[in-house]
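J.: Next come the chains, spelled out residue by residue.
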Amino acid sequence: MKASRTGPAVIVLLGALYFVLPLVATFEFSLSMLRSIWSFEAYRVVFADPQFRTTFSFSVIAALATIVLGALLVVPTAYWVRLRFAKLRPLVEFITLLPLVIPPIVLVFGYIRLYNSSSWLPFTNSAGGTNLLLVFGYVVLSLPYMFRAVDTGMAAIDIRTLTEAAESLGAKRSTILFRVILPNVRAAVLSGAFLTFAIVIGEFVLASLLNRPAFGPYLALIGANRAYEPAALAMIAFAITWACMGLLQVFASGPPGRPRSGRSLFKLARRAAR
Amino acid sequence: MGAAIDAGTAGAAHNDTDAAPSRRPARSFAWLGLAPFFGFAILFLIGPTLYLVAGAFQDRNGAFTFDNILGLFTPQIMAAYAISIQVSLASAALGALIGFFLAHAIVHGRLPAWIRPTVVTFSGVASNFAGIPLAFAFLATLGRLGLVTLFLKEAAGVNIYALGFNLLSFWGLTITYLYFQIPLMVLIVTPALDGLKGEWREAASVLGATRWQYWRMVALPVLAPSILGCFLLLFANSFGAIATAYALTGSSLNIVPILLYAQIRGDVLYNPNLGYALAFGMIVITGCSNLLYLWLRSRAERWQR
Numbered sequence: 193m194k195a196s197r198t199g200p201a202v203i204v205l206l207g208a209l210y211f212v213l214p215l216v217a218t219f220e221f222s223l224s225m226l227r228s229i230w231s232f233e234a235y236r237v238v239f240a241d242p243q244f245r246t247t248f249s250f251s252v253i254a255a256l257a258t259i260v261l262g263a264l265l266v267v268p269t270a271y272w273v274r275l276r277f278a279k280l281r282p283l284v285e286f287i288t289l290l291p292l293v294i295p296p297i298v299l300v301f302g303y304i305r306l307y308n309s310s311s312w313l314p315f316t317n318s319a320g321g322t323n324l325l326l327v328f329g330y331v332v333l334s335l336p337y338m339f340r341a342v343d344t345g346m347a348a349i350d351i352r353t354l355t356e357a358a359e360s361l362g363a364k365r366s367t368i369l370f371r372v373i374l375p376n377v378r379a380a381v382l383s384g385a386f387l388t389f390a391i392v393i394g395e396f397v398l399a400s401l402l403n404r405p406a407f408g409p410y411l412a413l414i415g416a417n418r419a420y421e422p423a424a425l426a427m428i429a430f431a432i433t434w435a436c437m438g439l440l441q442v443f444a445s446g447p448p449g450r451p452r453s454g455r456s457l458f459k460l461a462r463r464a465a466r
Numbered sequence: 019m020g021a022a023i024d025a026g027t028a029g030a031a032h033n034d035t036d037a038a039p040s041r042r043p044a045r046s047f048a049w050l051g052l053a054p055f056f057g058f059a060i061l062f063l064i065g066p067t068l069y070l071v072a073g074a075f076q077d078r079n080g081a082f083t084f085d086n087i088l089g090l091f092t093p094q095i096m097a098a099y100a101i102s103i104q105v106s107l108a109s110a111a112l113g114a115l116i117g118f119f120l121a122h123a124i125v126h127g128r129l130p131a132w133i134r135p136t137v138v139t140f141s142g143v144a145s146n147f148a149g150i151p152l153a154f155a156f157l158a159t160l161g162r163l164g165l166v167t168l169f170l171k172e173a174a175g176v177n178i179y180a181l182g183f184n185l186l187s188f189w190g191l192t193i194t195y196l197y198f199q200i201p202l203m204v205l206i207v208t209p210a211l212d213g214l215k216g217e218w219r220e221a222a223s224v225l226g227a228t229r230w231q232y233w234r235m236v237a238l239p240v241l242a243p244s245i246l247g248c249f250l251l252l253f254a255n256s257f258g259a260i261a262t263a264y265a266l267t268g269s270s271l272n273i274v275p276i277l278l279y280a281q282i283r284g285d286v287l288y289n290p291n292l293g294y295a296l297a298f299g300m301i302v303i304t305g306c307s308n309l310l311y312l313w314l315r316s317r318a319e320r321w322q323r
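Residue numbers (my numbering), protein chains in the order written: chain A, 193 to 466; chain B, 19 to 323.
Think of the hints as simulated: they come from the structure by calculation, not from any bench.
Please note: incorrect hints may appear among the correct ones.
[Said to hold, decoys possible] DEER-style ranges, computed between Cβ atoms:
no. : chain 1 : residue 1 : chain 2 : residue 2 : range
1   : A       : G320      : B       : G213      : 45 to 55 Å
2   : B       : Q104      : A       : T198      : 28 to 38 Å
3   : B       : Q104      : A       : A419      : 28 to 38 Å
4   : A       : P282      : B       : G284      : 38 to 48 Å
Here the structure is a predicted model, which is why all the values come from computation and not from measurement.
For each residue, glycine too, the CB sits at the ideal point set by N, CA and C.
Please take these sequences and the hints and turn them into a complete structure.
T.: Given below as structure tokens:
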């Protein structure tokens, strides 16, 4: 029953080939905009495009707003559930996992019908309202990752003792949340934040159907009309994803969270902008 | 955002009284701390979904009807569901199979120590590298002018497009989806493979089992719920995916999310309530596979302690 090492090595090599080839091909393609020489011309064109800059900054701001709003929603909830409503935890966890069950396109379809200009809460009446609705939608998409990260982080610290210690020193609840609990789950919030950033930055369906000038719809537009710029944009997107995941691992493996919290997040890490 | 903070302080007011057990009735305000979360979930997650589900069973005037659900059984919509399910099945089955072998190779393959963390980290990145950029990458690889296409034509004399391959087709989409399906399988199944205890293999060996018998009678029965569960997760994962397919094929491959996208954009089915039914069908399919996944995972965890 002795296993040989050749089989596994061949499998890993073939896997590496499948995963590296598209990257090599995309990079090569992105360099060949000028005839017969390799150049970074496609990248220069992309970076010089004012539409690239506006859509990219729009998506960066949307991602940051999503992270702040998501953290403000998830941290107090996870804290309060652990402290007072342990019985409700399965329900809250179930709700945070629902965005993995309901496809994003279905979710945004519901938004469009429920919050259109003739409804009781006409979000889509103004650009600002639609932006807000978009960010709310992104908070929903990031819920599974954010809640799981923060909840795992809270499991690693003794929130009850911390809360009682702060209370006996006369701290108000908001002080406890923002100056005691939040700093202690900072690593967890950050790892959730990087995953959220990776998801939001290239998101297509919500932004496109809500008609927002985000990076995702811009990518689709360029893809339909240009030859070499899409390859350059794909390399840029890959670099951003890589950076987010790298930072996620750095923060997920650092104290005080459990080292495994990053892994379990990876498991959930998916459904990005598909 | 303001609501979350308000609710936090509302909870604080409550907790001050909690210190004195005699004033327990104040407990009734503690739920306010959860109000922002449940309010948000109802407004932006559950409400919109239920609205669509309800709409799937209503006619234009709001009366109850099964017509929309029956309306799904037309050739056009059934074809969309069929191709969606086929692509999801193929990419989930291949992703699960290849991902399993890859995970097994890095866990039990006795390869150099750096291989495993490298593969796992890359899987974390690749499982998130999806959407439109992934479509661009595969167009540059296997498109008509892609690197691999040209290489095969020039170096090996094989024109894959003349042989009937097309990236903008069922197999093209499946191969592209595998780029995030395989890494996802590796990430989920690696812990399960870690749970295969060396003692079991040794015990089987001592009892005279062959390698095949060990796999068939020990390892696979233990791993089966994990593998099947991952398969269902991968299935739901690709079933709801749209951006990659949209950027890759435009509307030439009529999968359900793309049909729904067109319906939302311009009511291509000429019946808004039929659109709700289309969305309802998607929820039912991804919901069923996710529920089955959760059930299988709870069974699989018994062996991972």
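J.: Hint by hint, work out which the structure violates, then give me just those numbers in ascending order.
T.: No hint contradicted; all consistent.
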